[in-house]
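**Q** Assemble the complex: chain A is given as a structure, and chain B must be docked to it using the hints.
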Amino acid sequence: MKNEMKKLIVTSVLFTLVTGVLFGLVYPLVTTAIASVAFPKQANGSLVYDAQGSVIGSHLIGQAFVGDSYFHGRPSAAGAGYDAGSSGGSNLGPTNKALLTRVDQAVAAEGAGAPIDLVTTSGSGLDPDITPAAAMFQVERVAKARKLSADAVRTLVEAHVTQRQMGLLGEPRVNVLELNLALDKASH
Amino acid sequence: MTLNGWAQIALFFALLLVLTRPIGLFMTAVFERRKTFLDPLLLPVERLLYRVTGINPEEEMHWSIYLVAMLMFSAATLFLTYAIERLQGHLPWNPQHLAAVAPDLAWNTAISFTTNTNWQSYTPETTMSYLTQMLGLATHNFWSAAVGIALAVAFIRGIARREMKTLGNFWVDITRALLWVLAPLSLLFALALVSQGVVQNLKPYDSAKLVQPQSVTGADGKVSTVTTQTIAQGPVASQEAIKMLGTNGGGFFNANSAHPFENPTPLTNLLQMLAIFLIPAGLTVVLGEMTKSPRHGWAVFGAMSVLWFAGVAATYWAEAQPNPLLRGADQHVSATQSGGNMEGKEVRFGIANTALFATITTDASCGAVNGMHDSFSPIGGMMPLLNMMLGEVVFGGVGAGLYGMLIFVIMAVFIAGLMVGRTPEYLGKKIEAYDIQMSMLYLLIFPLLILGFTAIAVLSPKLGLSSLTNQGPHGLSEILYAYTSATANNGSAFMGLNANTHWFNTTLGLAMFCGRFLMLIPMLAVAGNLAAKKSVPATAGTFPVTTPMFATLLVGVILIVSLLTFFPVLSLGPILEHLLMHAGRSF
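Residue numbers (full-length UniProt numbering), protein chains in the order written: chain A, 1 to 188; chain B, 1 to 587.
Hints were generated in silico from the structure; no laboratory data involved. Beta carbons: idealized from backbone N, C-alpha and C, even for Gly. Some clues are possibly wrong.
[As the list claims (entries may be wrong)] From the structure, some residues in chain A lie toward chain B, with a derived Cβ separation under 10 Å:
#, residue
1, Gln-42
2, Asn-44
3, Val-66
4, Gly-67
5, Tyr-70
6, Ser-86
7, Thr-95
8, Lys-97
9, Leu-99
10, Leu-100
11, Val-103
12, Thr-121
13, Ser-124
14, Thr-162
15, Arg-173
16, Asp-184
[As the list claims (entries may be wrong)] To be clear about the criterion: a stretch of chain A counts as covered by chain B if any three or more of its residues have a C-beta under 8 Å from a C-beta of chain B, and this derived list gives those stretches:
#, region
17, 4 to 16
18, 28 to 40
In isolation and in its complexed conformation, chain B is listed as follows:
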């Protein structure tokens, strides 16, 4: 670990802190339909969109209608993507003449992008045409992000409203999220990325004449001479921008943000990391503003920040350590090299930026990677896994992170109420049996999916184990990581796992689907139930949700719930691997 490494981590957090309030206040104005500086440009577009699609923007929706509208819309976008993937061979903007995507893979990918997961069982540059990437996949980065933001705003309304039956209008919320928040930020960010070297074109792949021709031994043992290098191209920057801002994470290329065309410089790396946290962090301010308790928003922000810092510190420490099994190479940090575990990492990012990126991308349900998590040290790889197991609530996915966190907030308030023996209250709302039942349902679906699917896969040599690249405890980590990532809608992977099989495409698709939509039902039910409640005035016995004490309790509840659930499986995977590695064992 170096001083410069810590300085870069500190700079990231300082910039996030500066940006959180402005973006939060802006989004509050957008979703309360107050005046913003973009109105002259966007109001006419908004009105036209409502007229064409037959939306009545003044209509208010009950939580169940809000839910159904969201499901209908997600289904429509899902089928569109599936169709484009299957038909890409007959559609334009396919300069590499890529054939139709296989049905199980197309299905997995359509679910993956609809659920904001962006799990990728395929190598994009050899599978998806430019049109599929633009119209089939990048659009989902906008849609699923807008849906996430809309749901978070609806949940906040549930808390803020008193004795009302409705949570807002789904169509208005996603339209405003798309037009006011995601579109302008993406366009600016995309151009900033291009200026640093991220490619943005529609031309066929380039063929470069190698400076030194190479002889290559093929799989059949024949030696051939390679004189050219094929350089994949495409409309990358436009997709890269929304991939980060929408915490989607699906790479244009297989190597994702490790690829020099997706993430060419340390500056693009910093901007990408900021883009992941920008909207989730801003939503904590929206929470504070809309519930008229700004300090509550900051308390939630504080709890998230503590968990973020713990994650990045542990990952950075673990990755900066030399691998004790590698002898002969120089793994020490010096002025001219960053040392540590460099397998799967890029020189321009080094240890600190890769550890920081890995933490951010798994805290938020982004899933973009700038280094290969599968090659991280055991503890360094466990931290991204653990971040996801917390339920993607450390800033979290756009929207999804906040409503996930609010479920934990309700649990924290409930536990505080139990401790002092009073009916718990949250911002003037009494928390009752129904709210706790629904919150527990939300919290239990998650580990059930992860542990259930993992157990089946590791017990079956044919279905699960045959896909492994790594043996020993690391093999368990690979499978566990896949189901955790899918259920948490993260999308990053221990990429050694060959997930492009019928079994994994199907079950991971199911995990992604349930991890998003099944968990939304209890969440919206809580929101609807809260909105209908009366407000009770705060008394001396009310547990304040604006203090460091509350933030501490919240962190405690998150850690206890997650660790009690997942510690056993982690001890058999990464923790065991760590111990064996230091005992000199390899597999």
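Bound-form chain A, shown alone:
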């Protein structure tokens, strides 16, 4: 019995070490190698570059926008706001006064009748998207601030609506960073 226990301990340790190397190092490193060849852009964060070649964000990660001349994304609970080094939600419950006050303030800033996604924080705090309703809600304000026609801005929004994947999956959405970059381009 004592010998049997000793054997079990030795096997446990050896098995842990060997499979640890196999699944803790070989597997992720092989995946990294294949991914970097097959999908280099995605594997590195779907980054967005400016004309000079410096990183200005990621297609998948939201950024904060304020003022009248940009489309606003959703409020963010990640760090001080859209901190992609510290993701997370507000975790405020539905009956929490802090939530109700915060949403009321956001509604006051965005305007009465603002779509709910525009005045609530996302789960990640990095949501890159708003609903088409939330984008349309902001068209008049942005058009006025940019001295563009509302129709031109509306057309721009419509061109940036991502429909449901394969016509079925998920919800229609607008990527705020991409829309605002296109807006900057259209204004120049």
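**A** This is chain B only, laid out in the frame that chain A set:
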């Protein structure tokens, strides 16, 4: 609620139904050591592994040896992870130069990942180095999942075997689970995730120049201008794949599967949900095949499906409702927005996919989240809690779900036997006093841990209440959720609770440990006892376990046992909050 939402839920179930039988038949062949198409590639690896580690694959183990081997192995992996966490500052692949993890947190995390719980009291991207995530944490996603599958297979053998003293070989079972099932599925799934945008690299975090610099007011009231955004990176896809397939659920990032780098598109979301249920669903087929009663496997699958559907329907309904306390915002569903309760949810998933994900992740003991459960409506948040309180048997964790369910099956057969006044039989085995005692022990440890720890925490302002983000009945829900999640080895959280305290790290660690290992002992004892029994031929008086009637009885037993135990505490938490919310109260 929308037609499209229901269509997405229906699509998920249709795909699961299609995949269940093939994966189940494949796993049956793997664990009966029959020929599979992967043999030419994997047999040499298997043989080499046995030779290096000194395993005799032909050795059969008594249930107690099987148990001891499992405990020894779990202990070895536990200590390895603890060591890596404590030493990460001196180890490679730490581009952010993160320091050693504090002892109580390192201990909690090591237990958490060893027990397949993946409770996380920390923010990963600011706490764990790439090496710790790969070698210390993702490895556990493989190991603990393989252990779960092995235990389920051992339990099935206990039912299937006649007058035998052994349940198989633990080492062979986990080796085959690792090499044949988890490794190939993970590699394929990881690459599919990368193609959609999940990151997979070892580079330092990126710094992006913001399109519009932001002024930020710090905690000290000083206003500063932020011009860059730090973008966390890492070997995410490889961990994400096994996190789902192994029903582990521990996120690479704090936001888990809500983070766009973990779950960037609706398609990755669908695949992740399928990955959670794939192996647990397949194991019902393994049960049917190995016990030579395929229809029994499907009856169990049916009972699980009914409970799953009830959960998702209730959650979807609750989350699609507007919050009556929020006035001024437009919460109605339309063609251009999903409406409903969007706090803590991502736009790309909307209401339906978040409700579906929350149900699946708490049915199975996965614990990954694609939205913040703490911000769900009271009833929407109660459903994930209730799913866990059923004992993680609705498909459940890989392996753990099936053996948990089989304990309920034994109870159902026993109750049916009482009703007709005959000695209950299960697939030709007489169910006797010892089996029922051990099964009851399994079923009682669970609520004892949850309710006991919760009671202590809510009675103590210093230990429990000081960690709350939300007050009123929601505060009770936060603490209750934490202990339920830990004991059920789920790992999801009402994340408003600050669990990174000595009290919570210690007690949640204890709950996770007992919820896994203490419950395994009676479970394996039942399996060993069943294997030794003679087979009795079925007669006209035998209660058939292959019919819809049996599935209905099984669902009934699960609901009665769980609801009788937990309804009082639920009525003081989420149910009370629901009533108060509609009466206009806030906290």
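**Q** Which constraints among the numbered hints does this structure fail? Numbers only, ascending.
**A** none
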